[in-house]
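Q: Here's the letter readout for the chains.
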Amino acid sequence: MTCPSPLIRSMYVDGALPADEADALTRHAASCADCHGRIDALRREQRAIRQALRAAEVPVPAPVSGFVPPPTIPALLVWLGWGALATWAVNLAWVTAAPLAPPLWLEWLAPDLSGSAVAALVGALVRVAGAADQLWLDAISAGGLAALLLLSLALVWLLTRRPPTHQIHNVPWPVLPAVLPALLLPLLALAPTPGQAFELRRDDVRITIAADEIIDDTAVLIAETVLVEGTVTGDLVVLGERVTVRGRVGGVLVAMAEDLSVEGEVGGTVLGLGETVNLRGATLEANGYALGETVSVARDVRVAGNAAIGARDLDMQGSVTRDLLTLAETVDVGGSTGGDLRAYAGRVSLDDGARVGGDLIARVRGADDLQISSAASIEGETRRDTWPERRSRYLTADYYLGEALSLAAAFVFGLVLFWLFPGLREDRLHSGTEVLTTAGFGALALIVVPIAALIVMITLIGAPLGLLALALWITALYAAGIVAAALLGQRLLDPTRQRPALLLLAGLAVFTVLTAIPYLGGLVRLAALLIGLGSIVAWLRDRWASPAAA
Amino acid sequence: MVQPSFDALYREHYPRVLGICRRLLGAAGDAEDAAQDTFVRGYRAFARYRPEDPFGPWIGAIASNHCIDLLRRRQRLNELFSDADDAADSLPDPTGNGVGPLIEASDAAAVSAAVDRLPDRYRLPILLAYYADASYDDIAANLGITRNHVGVLLLRGRERLRHELAETAICRC
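Same order as they appear, the protein sequences are chains A and B. Convert by adding 191 to the 1-based position in the first sequence; the result is the number in my numbering. Every letter in the second sequence is one number past the one before it in my numbering, and letter 123, counting from 1, is 119.
Worth flagging that the hints you see were computed from the coordinates, not collected in a lab. Since this is a predicted model, take the numbers as computed values, not measurements. Be a bit skeptical, because a hint or two may be false.
Some chain B residues judged to face chain A by a derived CB distance under 10 Å, without partners named [as the list claims (entries may be wrong)]:
(1) R18
(2) D49
(3) F51
(4) P53
(5) W54
(6) I64
(7) I99
(8) D103
(9) A105
(10) Y127
(11) V148
(12) R154
Where chain A lies over chain B, by a calculated footprint (3+ residues, C-beta under 8 Å) [as the list claims (entries may be wrong)]:
(13) 4 to 16
(14) 118 to 125
(15) 130 to 144
Beta carbons are placed, not taken as given, at the ideal position from N, Cα and C, and that holds for glycine.
Taking the hints into account, I'd like the entire structure generated from these sequences.
A: This is the structure we're talking about:
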């Protein structure tokens, strides 16, 4: 054997040669003094490096606390399941207990003790039995929501999973945009998917889609006057001062206008907002929702699903196959509903020819404010009711239950928020100037973000991006109050932040009480919003500047 | 839930794992986080651990893998190791240039500091081989290079180390 290369000798010393090659080299080195010397030198060098690296070790004490295993997915799912179940139970209790009047079973809690606890229990049972089908529907929808929630949380967990033995100090920056959409998944389900194309047309004065024109896509039309006589096969979104939709819309129609007139055929849901909303000769294959000062629905209008209309004056002559819900000052009904007619109004009149397939549930101002023509027909029963005298909201049990629920929701949200981003708890308000600067940044974020999002939505292809930004903004608005409350708790109780959850709860409780004070509450809310938003902005800025430090 | 043995192993091996993470990550990251993550990974893979094997190298390999992953995410390690210019034929002969015994003669702190000063492409193989006790195969898999390439990098790395130490020694004079 000739003398091996330096690489072979090095690998030999590192014990990385195959056994036969190593044996051959061992035999060779026994007879070659040069190789023997070199190998020996290498060996000593290698040993010296090993020893040097070991010797330079900074001594570390053994950990004091034991190993805490990370939560496994099944365990997490069980907890999430309990959470979903609890959500559902609260939802159920809420549905059972919270119609417009204070719930019977809570009346015994109220100052005027009008019934015994037994009566309250019976009342609650009766209500549950009576609303059974509704409860099932709610259970199904709550189940769907819970499933989405589970999915979102599981995604968040997968993205951020860390052992619980230490806090998450630095969730990598890219996780933020990844996590928030997960939290907003239910919202995003409503938004158009990025792959979905649409046609955008804008004009300062007028857009006309002629009768023979077909837009084989989703269309967004923005102009002072918009007239749609042709066909839009996808969804149609229209914004303008005067909007008339006379053609056929295959999907959903969303229209906002000062003067809105819908006269065509719409395959999907209709959502109309306007000062005046007129429906004439229109056929709505799905549900219809309208909100306006004056809403009138002509006799030849047919809604295949449910309809809900909010207005000051509502003239409802059309027919609704299922239920009709109205919330208005005056309601005139001359058409028909296949299902129930619920009218919450100052005054309701059912004219000649009005037909209600289900029950009529009317809540009006006075006993005389519900007028039913003798020629009107009501298949089901008629439940009439007057608005309760306006009591102070502070005297209703609902108010306190509602406040408690929203406090609990804010607390849970806050826990998750600060668990994901502990940096948000940082108190950056060291001086009066900093408070003002922070609030200033908050005000800026409050105004600039939605404007920027709208511009992105209109000028670029970035409608999903804009929607996402808006969704994030809305989330940030909610989070702002919680961040401010957490800061308040820390300031009031313990600046060293030993028990963050307790401080958060205390802050939220104080915040809830403060905001409940008439007049002053609004100011507190605004200040908290600005400072909270400003703190979020400052936190984002710090994070952006040095991802590791934040 | 935790097998008591894993808890005991954690207490025993945490210092060394933390040492590996500190060494490999250097100034680049939070070694304590990485050490925790290493044990979490170990815990998840514990079913595959054979009790007859020593635990130290097993968890050490997980730590190395994890740290290299972290470095890979932060830098572009792939580019560092993808060079094809490490031809074996141009390699120096370690004992031929008269600086052979220098490493032995230098004190431990100087050698250790010199290792830390090496570029990642040499520093990482040296640390993996001589500190984390990883085999050539493990290092190759870990860095995504061939076994031969590992040998070349180690050989060159040691040569660079000698130069580093020689320069430091000259500066001191």
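Q: Work down the list of hints and note, for each, if the structure agrees.
A: Going through the hints against the structure:
no.	hint	in the structure
1	R18	7 Å, holds
2	D49	18 Å, violated
3	F51	13 Å, violated
4	P53	14 Å, violated
5	W54	15 Å, violated
6	I64	17 Å, violated
7	I99	5 Å, holds
8	D103	8 Å, holds
9	A105	6 Å, holds
10	Y127	4 Å, holds
11	V148	6 Å, holds
12	R154	7 Å, holds
13	4 to 16	holds (count 7)
14	118 to 125	holds (count 3)
15	130 to 144	holds (count 4)
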